[in-house]
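Undergrad: Sequence:
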Amino acid sequence: MNGPAQSPDDGYERPGGQARIPGPRGAADDLDPGHAPRPLPLSLPQTPPAPPTPPPSHAVLKSLLGAWALAACSAEETRAVEDHLTECAPCAEEALRLRDAVGLLHPEETLDLKPLLRSRVLEDCLGKRPARIPVPAWASPYDTETARLDALLQDFGDSEWHTPVRLKWFEEERRRSQRTTVAGVIGHLLTVDGLIATALGLDDPLGSEAPPGGPTVRTEYFWGASWYPTTRQVREPWREQGHTLVRTVSFAGRGVAELAVDYGGFALPLGDAFLERAFECWVHAWDIADAVDYPYEPPSGPHLHRMIDLAARMLPGALAQRRRAGLAAPARGLVAAGAPGRTLHLEIEGAGGGGWDIALDSPGAKPSVERTVAEIALDGIEFCQLAAGHISPEDAAVGQHGDREAIRDVLFAAASLSRL
18 MNGPAQSPDD GYERPGGQAR IPGPRGAADD LDPGHAPRPL PLSLPQTPPA
68 PPTPPPSHAV LKSLLGAWAL AACSAEETRA VEDHLTECAP CAEEALRLRD
118 AVGLLHPEET LDLKPLLRSR VLEDCLGKRP ARIPVPAWAS PYDTETARLD
168 ALLQDFGDSE WHTPVRLKWF EEERRRSQRT TVAGVIGHLL TVDGLIATAL
218 GLDDPLGSEA PPGGPTVRTE YFWGASWYPT TRQVREPWRE QGHTLVRTVS
268 FAGRGVAELA VDYGGFALPL GDAFLERAFE CWVHAWDIAD AVDYPYEPPS
318 GPHLHRMIDL AARMLPGALA QRRRAGLAAP ARGLVAAGAP GRTLHLEIEG
368 AGGGGWDIAL DSPGAKPSVE RTVAEIALDG IEFCQLAAGH ISPEDAAVGQ
418 HGDREAIRDV LFAAASLSRL
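Using our numbering, the first residue of the sequence shown is number 18, and each one after it goes up by one.
Think of the hints as simulated: they come from the structure by calculation, not from any bench.
These figures come from a predicted structure and were not determined experimentally.
Note that CB positions come from ideal geometry on N, CA and C, so glycine has one too.
Any given hint could be a false lead.
As the list claims (entries may be wrong) - Derived DMTMM-like pairs (lysine to aspartate or glutamate); straight-line CA-CA distance at most 20 Å:
| no. | residue 1 | residue 2 |
| --- | --- | --- |
| 1 | 185 | 226 |
| 2 | 185 | 304 |
| 3 | 185 | 412 |
| 4 | 79 | 100 |
What the hints assert, rightly or not - Simulated restraints, written as ranges between beta carbons of each label pair:
| no. | residue 1 | residue 2 | range |
| --- | --- | --- | --- |
| 5 | 244 | 141 | 16 to 22 Å |
| 6 | 227 | 267 | 36 to 42 Å |
| 7 | 385 | 269 | 33 to 39 Å |
| 8 | 77 | 106 | 38 to 44 Å |
| 9 | 314 | 116 | 35 to 41 Å |
| 10 | 219 | 343 | 22 to 28 Å |
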């Protein structure tokens, strides 16, 4: 609506009846009261509103059903699709099918806590308030490795428990292997851990009919005790036995670490036996993870160092045993127990590494820097693979210096530490 016409001297010109914004004016005090400006019109011509957008066609809305099921539509598209579904029965049925299909793309997750979260929480709690009855340091690697393996197993279905696994070890001068399953590996760990259980006066997992002997005899007895393959049911007794072993030694006091554990052909102090079982648990967890194509990390540096230290301390005895069997070169010179003798320096690199001096001619000889005749440098993980029988002495990538015969004998002695 337009106001009344105004004279040209009021500062407005209205060509064609349209208002024009006036130019700058002087201050209000300079204006003549008789020529005061009139107010602007109350309203200007309005632009007519745009016509409403027509709703999307049936074909367009049907093409949006997949995006709607995936929650990938914009707000306007979602509103249009859902309004359409209330009116079109075929599209509503198709939308339900698509939504159910999308649900299959998101499998339900386990409610169990993730292993790393549990470890972080426990580490934080124990750091703030030490346990009233702590786990002995020599049993901690076993406690950790069994927990890590159990975390790997917890989501296995029936098919994974029957996945073929090939166990490897080194015997005399060649590599050997045995085919079993994931469940068979856990049964093997259960039966050999039973050697520690019987040493502590606990129940033997093989029962009263368990045959005398070491790990190989016990494992073969377990595998052959039933006509039916071992199933996932073996996990619970294996895990419960592990908890019982750790709990028992934690309450037993300091002297228990020296208790002898009979392995058939040899014996180990209980503290070393726990380290040996931790090492084998890690190695076989590695075998299982490889069989199911799953990554598996090595132990922590401090725990790996303890395992390597045990293997290094066992090398003089393994070398002497191979020498008695005619598989190693004869001693260059026997010395009295505690006297310095020929020595090989073993340098382990990487996490858990360090240096060890190995007596060559007698387990009772004292290593001597002055009588060092050879040096070997090996990566820590590769040394563990050698000691586990997973690689042969000839395949070990080592830095070597000095007496070649001594180097060969020590590498073969390291491989001979492995067994089924």
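Undergrad: Does each hint hold? Answer for all of them.
TA: Status of each hint after checking the structure:
In summary, the hint linking residue 185 to residue 226 is not supported, as the alpha carbons are separated by about 28 Å, beyond the 20 Å threshold. Between residue 185 and residue 304, the direct Cα distance comes to roughly 9 Å. Compliance with the 20 Å bound is thereby established for this hinted pair. At most 20 Å may separate the alpha-carbon atoms for a hinted pair to count; residue 185 and residue 412 meet this at roughly 15 Å. As the CA atoms of residue 79 and residue 100 are separated by approximately 12 Å, the hinted pair is consistent with the 20 Å bound.
Residue 244 and residue 141 have their C-beta atoms about 49 Å apart, which leaves the hinted 16 to 22 Å range violated. Distance hint check for residue 227 and residue 267: the Cβ-Cβ separation is about 26 Å, which falls outside the suggested range of 36 to 42 Å. At about 37 Å, the beta-carbon gap between residue 385 and residue 269 stays in the expected band of 33 to 39 Å. A hinted range of 38 to 44 Å is violated for the C-beta pair residue 77 and residue 106, which are about 18 Å apart.
Distance hint for residue 314 and residue 116: a CB-CB separation of about 39 Å, consistent with the stated range 35 to 41 Å. Checked against the given bound of 22 to 28 Å, the beta carbons of residue 219 and residue 343, roughly 40 Å apart, lie outside it.
Of the numbered hints stated above, those contradicted by the structure are hints 1, 5, 6, 8, 10, listed in ascending order.
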